[in-house]
Amino acid sequence: MTAYARPSDLPDALEILAGGGWRVLAGGTDLYPGAGAALAGDILDISALDELRGITRGAGLRIGAATTWSDLAEADLPPALAGLQAAARLVGGRQVQNAGTIGGNICNASPAADGVPPLLTLDAEVELASARGRRRLPLADYLRGPRQTARAADELLMAVHIPDAALRGQGSFLKLGARAHLVISIAMVALRSVTKGGLVTEIALSIGACGPVARRQPGVERALTGTPLTGLADRLRPEDLILAPIDDIRASAAYRREAAFELTRRALAGGAA
Amino acid sequence: MIGFTLNGQPVTCDAPPGERLSETLRERLGARGTKVGCDAGDCGACTVLIGGRAVCACLTPAARAEGAVIETVEGSTPVLTRLRDAFLRHGAAQCGICTPGMLMAAAELLQRVPRPSSEEAKQALGGVLCRCTGYAKIITAVCDAWRGEGPPDLPVQAPVGVPLPRLDGAAKVAGDVFGADWAPEGALVVKAIRAPHPHAGFTFGDLAAYAARPGIAAVYTAADIPGRNAFSVIPAFADQPAIAASPARFRGECVALVAFEPYTPPDTADFPIRWTPLAALLSSAEAEAPEAPLLHPDRPANRLIEGVVRRGDATAALAAAAHVVEGSFTTAHVEHAYIEPEAGAAWMEGDTLNIRACTQAPYMDRDDTAAILALPVGRVRILPSAVGGGFGSKLDVSLQPLIGLVALKTGRPARMIYSRAESMTSTTKRHPAEMRGRIGCDATGRITAMEFEGRFDTGAYSSWGPTVANRVPVHASGPYHTPTIHARARAVHTHGPVSGAFRGFGVPQAALWQETLYDRLAEKAGLDRLEFRLLNALRDGQLSATGQVMEAAGIAQCLTALRPHWARALAEAQPQGHLRRGVGIASCWYGCGNTGLPNPSTIRIGLTAAGGLVLHQGATDIGQGSNTVIPQIAAQALGLPLTAFRFIGPDTALTPDAGKTSASRQTFVSGRAAQAAGAALRGALLRLVNAGDGAELSINGHFVTVTEGTACHRIDLSTLPTDARGYALSAEETYDPPTRPLDENGQGSPYAIYGYGAQMVELAVDTRLGTVQLVKITAAHDVGRAINPQLITGQIEGGIAQGIGMALMEEYIAGRTDNLHDYLIPTTGDVPPIESLLIEVPDPDGPFGAKGLGEHVLIPTAPAILNAIRHATGAELTRTPALPHRILDAIQRAPR
Ligand SMILES: Cc1cc2nc3c(=O)[nH]c(=O)nc-3n(C[C@H](O)[C@H](O)[C@H](O)COP(=O)(O)OP(=O)(O)OC[C@H]3O[C@@H](n4cnc5c(N)ncnc54)[C@H](O)[C@@H]3O)c2cc1C
Ligand code: FES
Ligand code: FES
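Protein chains in written order, with the numbering used here: chain U, -14 to 258; chain Y, 6 to 901.
There's no promise every hint is true.
[Said to hold, decoys possible] Okay, the calculated bits of chain U under chain Y, using three or more residues with CB under 8 Å as the criterion: (1) 3 to 17; (2) 128 to 138; (3) 173 to 185.
[Stated by the list, open to error] Have a look at the derived ranges for each label pair, beta carbon to beta carbon: (4) U/Ala23 <-> Y/Pro838: 39 to 47 Å; (5) U/Gly21 <-> Y/Gly35: 18 to 26 Å; (6) U/Pro(-4) <-> Y/Gln14: 36 to 44 Å; (7) Y/Ser122 <-> U/Pro148: 35 to 43 Å.
Worth flagging that the hints you see were computed from the coordinates, not collected in a lab. The C-beta atom is built at its ideal place from N, Cα and C for all residues, glycine as well.
Excised from the complex, chain U in its bound form (with noise of 0.2 Å):
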């Protein structure tokens, strides 16, 4: 028999997951299309832990990591979120938004998680409790590479942290897919920029599914930042793009640079994909 925990206490849950060898379920989306009959090992279910949920407003913005994506779509967020609240309309359909959390998307480190470029382009810090204490990283950090993170079998992600200053500017999300809904990234563009006076004081660009993980593109974001608005997307160089792409059933590895070029140069011109 396998074992089932719903604790409503965060220590409960935290002392749970120190005992080893469980696995964490929060909207089931990622775990349950990856079991068969029935969800196999031990199962701590946080879907009853209050802490876990919601989007609070502090130092920077905390964004519990069972905050479902319809809750991200549905709340009163500053611009510089448009652009994860764009991806949170675009993950999966609508019953996947309504179950699917931000920090199984990122628990989950496939490198076609669409919450993943626009967090970047946050500067996103991941909060990781455990019976051992707590510790913050950068997101950045956090995922190495594809369904690999930096959590321990027994830490809890709680929550990802946007600081203060990357709180300013306006979002954007580009995604490409094959068809209209329901659908994993061929490529997908994120893009945080503060402009004043014509000029782009701060841009944060990253890049997703055209590579191990998605990443920030510090190339562009040199060459671009203090340039005038006018004209942005066309002074983009694909050499400043760093891309590891692949090719797979969805795309060819040759097609996913053109497509995020373009894409970038969309979301740098404002436009839609």
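Take the given structure of chain U and dock chain Y with the ligands to it, following the hints.
Just chain Y with the ligands now, kept in the frame of chain U:
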């Protein structure tokens, strides 16, 4: 114990907390209105509301139900009632398997947004897949539900030509009872052991010890098959084992069965079997290589069959042609992707093996199952369940012999439900085709000749390979007068998935080749693409490629009907930056029924002594509408209202053989039988009172009243002697279409009726991303007589959606896209507005002039899309699906 509120009622059950809520609802609480199509969040059929929010029950742990308020399709909230009525009014349910999920997703939307726009509705329903409808009627129904107009009415008299709602619609919007939704109490749960390799030898370990484990009732292998362990839809080619002996010839082939006691986890992970992978032939080219091993020793060069049509000297005519185009085209394996995976139950009733499962062909199931199990056909009874989509694949037997074997050997009821992966790997696909050839015309643009050669990967077993090989050359010309032709199509065995029937039997593939070449030829001849097709459209009195004299050929009418739309669309197709607009057109024709072979249908109507009017209608309704159309025809012919009828649906014990639901034959062939049966019973009634044919009939209790002018006769049915079937009066009529078999040159009259159509696609291509935005599709189809316009437009919209999928996204790759996550079919947002133009060129052989339609509608879509892409960008695609990276590549290689 988990306790929650289900549709307003408190319920408790002791489900394991991690169990999928869909399983809990269906198996522990008996609420089987919630459907399961994938167990992976990909289809949305299992959508339920938890606390008012739509979620996939298959992704929800039962533990989350604790204390929750859950609504399912079994509920009857005011919103659900309004939605159901709107679905019925608009014909939004075809097969009905997606309907519960659609209704629940829509219910969530209407609670948030009482009067949604169609954009909002598409967004909200984007997570529920429908393979039948093309979504248009569903979206219309959702947007219209707020009106609360109630359910539709049935017309009283003369139903032919009326856009009648489905007669079986109420069951569909309540959550119909499909193959997985009913099984006798205590049924054993049967699981198949399937080959993990395309070609592999295998040996078993200690099966007896395995079978002796607690919870396992029985284990069966090929050695346990009592009869002929070989079936095929065409008996002469029977080659596919129900359970394979070593070696397995394709990935997913069944090699053993395990029957589990109910309520034991049916886990086959440590089934004792050892696999030895063998070299596999994975393409037709490998299979035809000189030294290639043979899949079946009696089929040299791995060739199953070749079909030929030869008329005149095409080579000479091509040499003399003013313009010639040459080209090749390649298509992929395409999966039917009905939302209902195969499922059913079997049980013994006395000596008789009863099988209730989803199927398109009950009598074929009966005969195959009886042969495999060495039973006389009289001891096998097939009771088709509601069918959640078939599109050709549910013509072949799947689980029928398997559960039949278990029920027969154990004497206990048995049930089986395929998983999504099992359904996708083990059942048939559309044949991948490699086609090439030339088409020529004279200086005025009249076609003079065609040469065509097609190679079709038929997979490990015959299935419908012979039909494809024979149908393709007959149809290769398209609905165009082609005086000389040499067309050949061969089916080649590989270790790929078995290719079988899929809406159009190879004709959609051939149309991709022919219609895309036609655009190039029109250009060479300097003619408008529509006018070029119209110039060459087959007309009455002309000879087809098989030498058949055409009558009631409606293709010119279809093309003519598109003319004004074409002119408008061309004018509107202006480029906007990197978005290039394009317009494409393509036609179809399709012969209804078997190719030059008998394929009768029989329909019976009876009147009981008590005045009950009963229609025995054996044509299985897989969503296409036979349960409605056949009664409409029968009622019209008999002259009694539809409301007077009781319907007995397909059941090999109760309904005469109405053949299979394939080849667009049911409206035509079973329709003619129904018309004849209706007319015969009418004749019998009129003769009893010597009334003329203009008389009117009505039923009151056990009296039939015959009114003729002022004269009024009453027939007291209770005074008539009853016949062997218990009827006071009955009529049973058979219709077999008049055809002439093809000779060795493919000459003959293979079909009594052809249907025609032409579709026009408007789209925009993003020339930097290679993506396609469909703007509108206009479809003109000659249906002879529109028996039920609502069902027809539903077929058109659904066929077009499948054509869109085939053109732009669908590619089945065994082991990689055998799920609905990676195998993409169109969603609500992928189907543009569709305008249907119904053309009626009555066929003298059709019931009230009607022609078939079911397959026609899919054929023109994909080529019209490719032609529009070429028109927009110059990109010539010679391979489907036209995925964005392939389109972008073709754009970059395009001449301009
Ligand atoms: C039909 C369908 C369509 C989809 N479409 C998309 C899409 O378009 N884009 C996209 O990005 N994704 C998509 N997904 C994937 C999935 O829905 C998302 O990744 C979702 O955000 C996962 O969240 P969840 O809460 O459901 O994760 P779960 O399935 O509950 O968990 C996922 C993984 O994360 C771990 N985990 C979850 N929460 C925590 C935590 N707090 N601490 C530690 N570990 C944790 C789990 O142990 C598991 O390994 C789709 C899924 C389905 C079924
Ligand atoms: S069965 Fe749940 S989404 Fe398909
Ligand atoms: S009606 Fe939607 S899948 Fe059949």
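Going through the hints against the structure:
1. 3 to 17: With 5 residues closer than 8 Å to chain Y, the region 3 to 17 of chain U meets the three-residue bar; holds.
2. 128 to 138: The restraint on the region 128 to 138 of chain U is violated, since only 0 of its residues have a Cβ under 8 Å from chain Y and three are required.
3. 173 to 185: violated (count 0)
4. U/Ala23 <-> Y/Pro838: 39 to 47 Å: holds, 43 Å
5. U/Gly21 <-> Y/Gly35: 18 to 26 Å: With a Cβ separation near 24 Å, U/Gly21 and Y/Gly35 satisfy 18 to 26 Å, so the hint holds.
6. U/Pro(-4) <-> Y/Gln14: 36 to 44 Å: Distance hint for U/Pro(-4), Y/Gln14 holds at roughly 37 Å.
7. Y/Ser122 <-> U/Pro148: 35 to 43 Å: Given a distance of about 38 Å, which is inside 35 to 43 Å, the answer is holds.
Checked against the numbered hints above, the structure violates hints 2 and 3; every other hint is satisfied.
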